[in-house]
Amino acid sequence: EPEVTQTPSHQVTQMGQEVILRCVPISNHLYFYWYRQILGQKVEFLVSFYNNEISEKSEIFDDQFSVERPDGSNFTLKIRSTKLEDSAMYFCASSEPKETQYFGPGTRLLVL
Amino acid sequence: AQSVAQPEDQVNVAEGNPLTVKCTYSVSGNPYLFWYVQYPNRGLQFLLKYITGDNLVKGSYGFEAEFNKSQTSFHLKKPSALVSDSALYFCAVRDWYTGNQFYFGTGTSLTVIP
Chain A
1 EPEVTQTPSH QVTQMGQEVI LRCVPISNHL YFYWYRQILG QKVEFLVSFY NNEISEKSEI
61 FDDQFSVERP DGSNFTLKIR STKLEDSAMY FCASSEPKET QYFGPGTRLL VL
Chain B
1001 AQSVAQPEDQ VNVAEGNPLT VKCTYSVSGN PYLFWYVQYP NRGLQFLLKY ITGDNLVKGS
1061 YGFEAEFNKS QTSFHLKKPS ALVSDSALYF CAVRDWYTGN QFYFGTGTSL TVIP
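The listed protein sequences correspond, in order, to chains A and B. So the first sequence is residues 1 to 112, counted in this note's numbering. So the second sequence is residues 1001 to 1114, counted in this note's numbering.
Derived by calculation from the structure, the hints in this document are not laboratory data. Treat the hints with care, since some could be wrong.
To be verified - With a straight-line cut-off of 35 Å between C-alpha atoms, the simulated DSBU-like cross-links for lysine-lysine are:
#1 A:K83 with A:K57
#2 A:K83 with B:K1069
#3 A:K42 with B:K1049
#4 A:K78 with B:K1077
#5 A:K78 with B:K1069
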């Protein structure tokens, strides 16, 4: 069964550093998403991406965040200058139009 | 505004007993409703969804959920709980018409006691 994959599984970084989280969505899906889950809190939507552009974004997704589909398979989330409060589990998801979103295993980001 | 409430942080049930994990929702239009399960150090796994049609939806691993429009609820149920069902369960909603983003509840930790 096809699944969404994410790398790395864990990332530790210093405050102010840039991080790039990577995702490989399910191959025939056209919509891609990033969500985050701060420890003990709910899963929160960050951004959705379709046809090589952002289709929706939340208030969390400020200028420090960017997304890219650099090639035919990867979908990345970049945080330019990490803050302590960016520490969270980041989930990538993909879907067909208006269909179930399938989630990856997540990247646990720790900002020190 | 779209939102989901899971009123119970923790549910404990004895193995073999029926289980219910509660979810209520608020959307401006027609809801798409979903249940996901999260095992330790794993991602969110899709269990089932309600889009339209029959109010009782059957999903993976023997789980089912009942959509109740008047009570704006979508409770997850299973007739006979297994120890392996112990996990974190998330309810999610998206509006039929507006956008693709999911709104998640805070999650309910289910423990099935042997």
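Earlier hints that do not hold, by number:
2, 4 and 5
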